[in-house]
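*Asks:* Join the two chains into one complex using the hints; note that each chain is given alone, in its own frame.
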Amino acid sequence: DQQVKQNSPSLSVQEGRISILNCDYTNSMFDYFLWYKKYPAEGPTFLISISSIKDKNEDGRFTVFLNKSAKHLSLHIVPSQPGDSAVYFCAASVNNNAGNMLTFGGGTRLMVKP
Amino acid sequence: DAGITQSPRYKITETGRQVTLMCHQTWSHSYMFWYRQDLGHGLRLIYYSAAADITDKGEVPDGYVVSRSKTENFPLTLESATRSQTSVYFCASSVRRGQDTQYFGPGTRLTVL
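Protein sequences, first through last, are from chains A and B. Under this note's numbering, the letters of the first sequence match residues 1 to 114, in that order. Under this note's numbering, the letters of the second sequence match residues 1001 to 1113, in that order.
Next up, chain B with everything else stripped away, as it sits in the complex (with noise of 0.2 angstroms):
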């Protein structure tokens, strides 16, 4: 019973160099979602996705992409990594839409010198 992972849990790059944080649940919820998390702000949105397919913007999408090609999987990707992205990644997912729960993934540090 895996539930909800993240690969890799710990991860150090250079400003400028591309970065994928890879999310994989076993759940088959619909929703996923990408939070980072800083000092003093919580946990902020980045994307979310309703369904293979379909993704959305969060409050700070800016310098991410992402793709759900499989209702299983939900890659973020840093296309050219600031500083600024020096942060904890979670991945979440739940079942439907609505005021459902949200499954959280154990996270990625990523550090970006």
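Looking at chain A on its own, in the form it has when it is part of the complex (with noise of 0.2 angstroms):
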């Protein structure tokens, strides 16, 4: 049972209009969310992160949303650019005592077209 979910495989947008990535989670007990990206041929890179003491985190073009109740996160990218092209990966973590472990959902292919 997937505890972390992105429903759509792909999205596609024009360059200039807003994208936006959904996750949803299953497990109450996470209590920080992250994102990343990854281009063909390399490892993800991380993108931008929220604690759940937050709902919301700014960094430039990228704002990450987060609704704990309804647990869905969002990743706002605004406005896209070709570049934006990717995989996004959404992951969530429990701060405990294992230590910092991610658990991911199965990535969102985003393309921008110019």
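Mixed in with the good hints, there may be bad ones.
[To be verified] A short list of chain B residues far from chain A (calculated; beta carbon distances all over 12 angstroms): (1) 1011; (2) 1014; (3) 1022; (4) 1043; (5) 1044; (6) 1085; (7) 1088; (8) 1109.
[Said to hold, decoys possible] Incomplete in silico selection of chain A near chain B, CB under 7 angstroms: (9) 39; (10) 42; (11) 43; (12) 44; (13) 105; (14) 106.
The hints are simulated quantities; they were obtained by calculation from the structure and are not laboratory data. Just so it is clear, CB atoms sit at the ideal spot from N, CA and C, and this is done for glycine as well.
*Replies:* Now the structure itself:
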């Protein structure tokens, strides 16, 4: 049973428009959430994170929103650029003595068209 | 500034053979991780290590063995490769326990025939 789900395997957006990537989770113990970006033939790279004590975190064109009651987070990219085309993974963790184990979603492939 | 490296980048092997994937990091990070990436599953944790000589199982450890005799190296061994182990393998590291960013290597694409 996947604890972190990205229900949209792909998303296509026009350059300059907003990209919204969604992620749902089932484990209410998750208290830290991250988004990673992955280009082909490269490892994932950290993009942005949010703690459960917040409902929004912003970094330039990237904003992550967290709705704890709905167990849902989303990543907004505004404006979208062709270089944003990549696979995006959301991940979640529980801050416990087991270390920072991340549980990943299945990923969403974003395609930004010029 | 090498960061975290993996070798080989590509490997083709046959069922039943032993294969070792290497991971090396230059940051002296305490934590290291091995993930596999499969379509529809995202990244799944195989094994992790909190420090040299300390390792523990992740979500999908069966068929894999790890060791960590030095802080900077974390090899992953498939003792008897199976076709279901065809995947892309990523190594990652992080500074400390807690909600720390993990830094990933470039990955090894393994094909088991």
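*Asks:* Work down the list of hints and note, for each, if the structure agrees.
*Replies:* A quick look at each hint next to the structure:
1. 1011: holds (15 angstroms)
2. 1014: holds (24 angstroms)
3. 1022: Label holds. Min Cβ-Cβ 15 angstroms, cutoff 12 angstroms.
4. 1043: Violated: least Cβ distance 4 angstroms, not greater than 12 angstroms.
5. 1044: Label violated. Min Cβ-Cβ 7 angstroms, cutoff 12 angstroms.
6. 1085: holds (19 angstroms)
7. 1088: Since the minimum Cβ distance to chain A is about 9 angstroms, residue 1088 of chain B lies within 12 angstroms and the statement is violated.
8. 1109: Answer for residue 1109 of chain B: violated, closest chain A Cβ roughly 9 angstroms.
9. 39: This interface hint is violated because 10 angstroms lies over the 7 angstroms limit.
10. 42: holds (6 angstroms)
11. 43: holds (3 angstroms)
12. 44: holds (5 angstroms)
13. 105: holds (5 angstroms)
14. 106: holds (4 angstroms)
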